[in-house]
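Asker: Generate the whole structure from the sequences, applying the supplied hints.
Under UniProt numbering, the first residue of the sequence shown is numbered 1, with each subsequent residue one higher.
In short, the hints are calculated from the structure, not lab data.
One or more of the hints may lead you astray.
Below 25 Å or equal to it, Euclidean Cα-Cα: the simulated DSS-like pairs (lysine-lysine) are [to be verified]:
(1) K52 <-> K91
(2) K95 <-> K53
(3) K269 <-> K292
(4) K52 <-> K141
(5) K289 <-> K313
(6) K141 <-> K273
(7) K125 <-> K52
(8) K53 <-> K91
(9) K379 <-> K419
(10) K273 <-> K292
(11) K313 <-> K292
(12) K379 <-> K356
(13) K356 <-> K419
(14) K107 <-> K91
(15) K141 <-> K53
(16) K141 <-> K107
Label pairs and their in silico Cβ distance ranges [stated by the list, open to error]:
(17) G248 <-> S357: 26 to 34 Å
(18) S209 <-> D149: 20 to 28 Å
(19) D283 <-> A353: 15 to 23 Å
(20) K419 <-> D207: 18 to 26 Å
(21) P360 <-> E205: 52 to 60 Å
(22) H319 <-> K292: 15 to 23 Å
(23) H319 <-> E373: 32 to 40 Å
(24) W349 <-> G214: 20 to 28 Å
(25) V376 <-> A139: 48 to 56 Å
(26) T398 <-> S122: 49 to 57 Å
For glycine and all other residues, C-beta sits at the position ideal for the given N, C-alpha and C.
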Amino acid sequence: MATVGSMAAAAIVVMGVVINSRDKTIQCEVDARRASPAVDSAPAFVTAELLKKHSTEDSLWVAVNGQVWDVTAFAAIHPGGAQVLIDNSGKDASKLFNGIHPPDTLKQQVDHVRLVGPLDPSLVKKPGQERDEEQERIAAKRATLCGVDSVVSVPDFERYARDLLTDDAWYYYSTGADAEHSMHDNMAAFQRVRFRPRVFRNVAEPDTSTTILGVPSAIPIYVSPTARNGLGQPDGEVAVTRGAADAGIMQVVSHYASKSFDEIAAAAKEGQKIGWQVYLHPDRENSAKAIKHAVELGAASIWITADTAILGKRERERHMHTKREEIPHGTPMSRVKKTYATHDPSITWDDIAWVKSLAPGLPIIVKGIGAWEDVVLAKQYGADAVVLSNHGGRQLDTAASPLKTLYDLHQNRPDLLHKAGLEVYIDGGITRGTDVLKALCLGARAVGLGRPFIYAATGWGSEGVEKAVMILQEEMDIGMKLLGVTRLDQLGPEYLDCSKL
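Answerer: Written out as structure tokens, the structure is:
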């Protein structure tokens, strides 16, 4: 019977992978194990001891769903950065992986990862096996979770979700960049804008319906693309897809969704329109393939993220990792530069035309605009819509809030807010129906919500998403009546005092 080492060597030959200088160490292990009669009689698998040996920046192995992978070459281009791979190398990372990635993710990275072989079966954990203290805490909270009708406001979802998430998931979802000024200001900006309500008007039947990119929507809200929904909800983005359909709003799916777009498209109801968001890759063949695949599966629109030439420094999340595995005093300082090479830092406005060529006839939206001048350019280069956004405060800290950028656009180029062929949306900091009304008063066509729908789905799946929309619609109904309007097209800047924005 093949040894662990000979099996690994055979896998290399079968896959046609050339062993480089780094693999000489692996080959030495293979030779040593081959020489041992005791090992020769053992089943062909990777032991815990061998897996643990490969937990350095020079050699990273991880176990995922019973298979061991060499991800050393992948670390430099991993979307979440190399550190998460380093932290989980030499271990079974199945639980974390399954909450973040579709099942076939590693198989799609054949140029950057290598299958080493099966993990020792005795080490493979079955679902629910050996729950740790954190998982026990979450299970206890889920057992006593209230019904979704007990939720009164959108912020309530976040409060409940905190108890249902691992620390990894919570810090990933909730963290902003650096000191988090922009993240907090996104919400605070809405509080600095005051209403100027009008009275003695017939407001008996308010109508919150609209269209977004020609798609009917019950309210002027869509689900913003957010990654890793599976960290909080086993059904991940699929739960959001179902909830969005039931609520009558559009979902935009993240490039880094936990579920594949195939799974999400298969879960969509007949006639449901779903947008797909893309991060352009330095390898344009990679991006072209992904965009074409989304189009083939029925994506109704393509959303290009523009504000991620490099990932922002998510400081609070980093603190969580360093507290968990504190580096001993006296350890030599690492001089390895943290790189995030998956996003193309060389994208330009000309790429809008390139994406259009890959998705003929579909609307192209530029997401992540933080200055009104770039709205002008987006229109000139053929964008069908723009999203004014600072990435939820996760990129450039102290960047202006989306509401402030919208106000600046209204002050400088109000014609673009009502121009045929261009729709303007904002996302970031929206938690109330009145926030939506303020954005529409300044000319936005619709708004996107990301974190609130993650938190709603974490607790109650698709019903949570539907409930969040119901809450926002009720708040919009109340707000419209108290403002003195019954249709969204009646909203305008005359209903706002923006002097403190």
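Asker: All the hints need checking, so say for each whether the structure fits it.
Answerer: Tested hints:
1. The hinted pair formed by K52 and K91 meets the criterion: a straight-line CA distance of about 7 Å does not exceed 25 Å.
2. Straight-line distance between C-alpha atoms of K95 and K53 comes to about 21 Å, which keeps the hinted pair within the 25 Å bound.
3. Pair hint K269 plus K292 holds up; C-alpha atoms about 22 Å apart against a cutoff of 25 Å.
4. Restraint check for K52 and K141: not satisfied, since their Cα atoms lie roughly 34 Å apart, outside the 25 Å limit.
5. Restraint check: the Cα-Cα separation between K289 and K313 comes to about 29 Å, which exceeds 25 Å; the hinted pair is violated.
6. Annotation: proposed proximity of K141 to K273 is violated, straight-line Cα distance about 35 Å (limit 25 Å).
7. Under the criterion of a C-alpha separation no larger than 25 Å, the hint pairing K125 with K52 is consistent with the structure, at around 17 Å.
8. Restraint check: the Cα-Cα separation between K53 and K91 comes to about 10 Å, which is no more than 25 Å; the hinted pair holds.
9. For the suggested pair K379 and K419, the alpha carbons sit about 10 Å apart, so the restraint of at most 25 Å is met.
10. In summary, the hint linking K273 to K292 is supported, as the alpha carbons are separated by about 17 Å, within the 25 Å threshold.
11. For the given pair, K313 sits about 31 Å from K292 by alpha-carbon distance, which is inconsistent with the 25 Å threshold.
12. With a CA separation close to 14 Å, the supplied pair K379 and K356 stays within the 25 Å bound.
13. Of the supplied pair hints, the one linking K356 and K419 holds, its CA atoms being roughly 20 Å apart against a limit of 25 Å.
14. Proposed proximity of K107 and K91 is supported: the alpha carbons are some 19 Å apart, at most 25 Å.
15. Pair hint K141 plus K53 does not hold up; C-alpha atoms about 37 Å apart against a cutoff of 25 Å.
16. Distance hint between K141 and K107 is unfulfilled; the C-alpha atoms sit about 36 Å from each other, more than 25 Å.
17. Here the CB-CB span from G248 to S357 is close to 32 Å, well matched to the stated 26 to 34 Å.
18. The beta-carbon spacing between S209 and D149, approximately 24 Å, falls within the hinted interval of 20 to 28 Å.
19. The hinted window of 15 to 23 Å between D283 and A353 holds, with their beta carbons roughly 19 Å apart.
20. Between K419 and D207 the beta carbons are some 24 Å apart, a value that agrees with the proposed interval 18 to 26 Å.
21. The supplied range of 52 to 60 Å is broken by P360 and E205, whose beta-carbon atoms lie about 41 Å from each other.
22. Judged by the Cβ atoms, the range 15 to 23 Å given for H319 and K292 is violated: they are separated by roughly 40 Å.
23. Against the hinted window of 32 to 40 Å, the Cβ-Cβ separation of H319 and E373 comes to about 36 Å, which satisfies the hint.
24. At roughly 24 Å, the beta-carbon separation of W349 and G214 lies within the given 20 to 28 Å, and the hint holds.
25. Between V376 and A139 the Cβ separation comes to about 52 Å, which falls inside the hinted range of 48 to 56 Å.
26. The hinted range of 49 to 57 Å is satisfied by T398 and S122, whose Cβ atoms lie roughly 52 Å apart.
Of the numbered hints given earlier, the model fails hints 4, 5, 6, 11, 15, 16, 21, 22; all others are met.
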